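**Student:** Same order as they appear, the protein sequences are chains A and B. Be aware that the first sequence starts at 1, since it is given in this note's numbering, and climbs by one per residue. Be aware that the second sequence starts at 476, since it is given in this note's numbering, and climbs by one per residue.
No wet-lab data here; the hints were simulated from the structure. Since this is a predicted model, take the numbers as computed values, not measurements. The beta-carbon is built from N, C-alpha and C at its ideal position, and this holds for glycine as well. Take the hints with a grain of salt, since some may be wrong.
As the list claims (entries may be wrong) - Simulated coverage check for chain B against chain A, where a stretch passes if three residues somewhere in it have a Cβ under 8 angstroms from a Cβ of chain A:
no., segment
1, 528 to 539
2, 582 to 592
As the list claims (entries may be wrong) - Lysine-lysine pairs mimicking DSSO-like chemistry, simulated, CA-CA at most 27 angstroms apart:
no., chain 1, residue 1, chain 2, residue 2
3, B, K600, A, K164
4, A, K185, B, K600
5, A, K248, A, K204
6, A, K185, B, K603
7, B, K603, A, K204
8, A, K94, A, K200
9, A, K248, A, K185
10, A, K204, A, K185
11, A, K200, A, K248
12, A, K164, A, K90
13, A, K154, B, K603
14, A, K200, B, K600
15, A, K185, A, K200
16, B, K603, A, K164
17, B, K600, A, K204
18, A, K164, A, K154
19, A, K185, A, K95
20, A, K90, A, K200
21, B, K600, A, K248
22, A, K204, A, K164
23, A, K185, A, K154
24, A, K204, A, K95
25, A, K94, A, K204
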Amino acid sequence: MILLNILSVLFLLGCVCVVCVCGHGWREPLECVRALELCNGDSQCSSSYRVMRQCLSGGARDRQTMLASRECQGAIEVLQDSSLYDCRCKRGMKKELQCLQNYWSIHQGLTETGEDFYELSPYELHEFSEEFRHASIISDSSLSKASPCTEPGKPCNPCLDAAKACNLNETCKRQRSNYIAICNKPSQPPLANQEPCSRKRCHKALRQFFERVQWELSYPLLFCSCPDQACAERRRQTIVPACSHQEKHRPSCLDLRRTCRSDALCRSRLADFHTNCQMTGHSMTSCPHDNYHGCLMAYVGLIGSDVTPNYMDSSPSNSTISPWCSCRGTGNQEQECDAFLRDFTHNTCLKNAIQAFGYGSEGSVLPVTEALITPFPPIQPPLNSKPAPSLQANDIKPLDSACVFSTCANLKDEGQKCIPSNEFECEEALLAQGSVDSEEEEDRAPRSAAAPGSLGLKECVSVCVSMWGLLIHAL
Amino acid sequence: GGESTEENDNAGVESSGFVDQLDIMSPQIPTRSRRSSNECGLRSVLLRVRDLDLGYDADETILFKYCGGECPRVLSNHDLTVGNLMVRGALPDLGASGGWQSGPCCRPTHHEDLAFLDNAHHWHKVEKLSAAGCTCVG
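Just need the whole structure built from these sequences, with the hints factored in.
**Tutor:** Right, dumping it as structure tokens:
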């Protein structure tokens, strides 16, 4: 009997240790092309997927009624359990577009309205350590050799220096000449409406430029710091805005967003921008996880999409960044439109990230003081939208919420740092209660994109619990 | 546009004073050790666009590449014969030394375009500006 007690204690310790290990990023999310292949190979998953696609095939109105049906609900529950739900994509991967299309085919079905204000980014999160962040800033300064504009009397134009650095690199020079040639050329044959260029081809060439050229060369072209207007105008001209940005008419920002979300690539880039550049009041830099590079990368990902942003003027220090759209005439959706636009025009995270990059060699990573004063509550999507993606309050049952919110309540975006220890506490409580029989409970656990490590937890727990159960039966 | 294939040719780069910068920023340009002789090859010089004297008011710095150097003087039967005939004066339309090049010469195989922003913030593209590879022709 004593032996069995010892064994059970050892077992419990073992379980706890396994949970400890499991809590730290055990399962790597699959990429969505592979995940769909796996799903199609499994009979249950593939039939559920087909059912879900059928449920969503109707328009927005049919959606609500369809999703209320038991069949659809059941299919969605099965899918939430599969690796398809957790799948992600890598930027620049071979079948990126297909991966993204698979991602949205799933996630479109799993939100209530099918359209949140902020959507979850399909791209894998990059955890940038302190060293990498500083390294990325320092390496930029080593390229420019001397701090920009500190030598008095000497003409200073960091944007021109960036052009030089690009011209001296074969790939950068070739890609740059390519997109400039396309974006600068009037479309052929010359049309009666006098289009300045082929916008679509220009966008494609821009995307190609930023994909193929290393960031050390392409980012300084966009994010160079400027002491005067001439430099700022050069910076504004970088993406040939007459073709890629400006248009005869300014559409409504919500229309622009709708167009963007109808395309898997644009939708992904927009979600990525929102995930990485969303202003948060909980960090000094205003950026989620203080990740400047992630925000810049997400911003660059938007260039060449429907929501291409750019500097709107040639003011050297205080230029506004915005996509080509306005909120005039949006009527009762004006508040939502303004909120969308503000994420570009009044984004302190983005501003700080760009400034830090441009002035990186001077060592100032200090954010603009605006960061401490948030005139517009950063995470407040208007109207009926859900809260920020990192907290899916609707999915969390009261039992689990007690565990999650106790230490995470005030750290919305810091959720990733506290979830592992939290889950550990949760699992202890759950094991003691022995109340976890089905995997349903685990499905309701916080599914934040910010905590890929915790996604593997439910499987660890179920393994532990079943072992525990077996032990009890043996006794 | 021209694809650069410097690796295929007798390529070498001479750009005085900027070698360090080039190494960091453009690893693709082969920086081979100095050629033993003045062979035909791709050379480069760092210049501002305005210094190309093409009339652009532009301060972007570019690496202008050109072909230079000597080609081994391998004369074909044709070359020998034309030389003989010239000496005899049998080819009146070819002057004493003008109008005829004996032996191969160092020329570009293909070229590269260049795009840049001038000081008035207008974009320009110059086609076939730089050499992208050299060879001895003829």
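**Student:** All the hints need checking, so say for each whether the structure fits it.
**Tutor:** Going through the hints against the structure:
Judged by the Cβ-Cβ criterion of 8 angstroms, the segment 528 to 539 of chain B is covered by chain A as claimed, because 5 of its residues qualify and three suffice. Restraint check on the segment 582 to 592 of chain B versus chain A: 6 residues with Cβ-Cβ distances below 8 angstroms, three needed, restraint holds. For the hint linking B/K600 to A/K164, the alpha-carbon distance of about 16 angstroms falls within 27 angstroms, and the restraint holds. A C-alpha spacing of about 10 angstroms is found between A/K185 and B/K600, which places the hinted pair at or below 27 angstroms, so the restraint holds.
Simply put, A/K248 and A/K204 have alpha-carbon atoms about 20 angstroms apart, close enough for the 27 angstroms limit, and the pair holds. Our distance criterion of 27 angstroms between C-alpha atoms is met by A/K185 and B/K603, whose separation comes to about 17 angstroms. Simply put, B/K603 and A/K204 have alpha-carbon atoms about 24 angstroms apart, close enough for the 27 angstroms limit, and the pair holds. Our distance criterion of 27 angstroms between C-alpha atoms is met by A/K94 and A/K200, whose separation comes to about 22 angstroms.
About 17 angstroms separates the Cα atoms of A/K248 and A/K185, which keeps this hinted pair within 27 angstroms; it holds. The suggested pairing of A/K204 with A/K185 holds, with an alpha-carbon distance near 14 angstroms, which does not exceed 27 angstroms. About 15 angstroms separates the Cα atoms of A/K200 and A/K248, which keeps this hinted pair within 27 angstroms; it holds. Between A/K164 and A/K90, the direct Cα distance comes to roughly 31 angstroms. Violation of the 27 angstroms bound is thereby established for this hinted pair.
Restraint check for A/K154 and B/K603: the C-alpha separation of about 33 angstroms exceeds 27 angstroms, so the hint is violated. At roughly 20 angstroms between alpha-carbon atoms, A/K200 and B/K600 fall within 27 angstroms of each other, so this suggested pair holds. The hinted pair formed by A/K185 and A/K200 meets the criterion: a straight-line CA distance of about 12 angstroms does not exceed 27 angstroms. At most 27 angstroms may separate the alpha-carbon atoms for a hinted pair to count; B/K603 and A/K164 meet this at roughly 19 angstroms.
Taking the CA atoms of B/K600 and A/K204, the gap is near 19 angstroms; set against the 27 angstroms cutoff, the hint holds. In summary, the hint linking A/K164 to A/K154 is supported, as the alpha carbons are separated by about 17 angstroms, within the 27 angstroms threshold. Restraint check for A/K185 and A/K95: the C-alpha separation of about 30 angstroms exceeds 27 angstroms, so the hint is violated. With a C-alpha separation of about 24 angstroms, the suggested pair A/K90 and A/K200 falls inside the 27 angstroms cut-off, and the hint holds.
The hinted pair formed by B/K600 and A/K248 meets the criterion: a straight-line CA distance of about 25 angstroms does not exceed 27 angstroms. Restraint check for A/K204 and A/K164: satisfied, since their Cα atoms lie roughly 24 angstroms apart, inside the 27 angstroms limit. Between A/K185 and A/K154 the alpha-carbon distance is near 35 angstroms, which puts this suggested pair outside the 27 angstroms criterion. With a CA separation close to 17 angstroms, the supplied pair A/K204 and A/K95 stays within the 27 angstroms bound.
Only pairs whose Cα atoms come within 27 angstroms are accepted, and A/K94 paired with A/K204 is accepted, the gap being roughly 17 angstroms.
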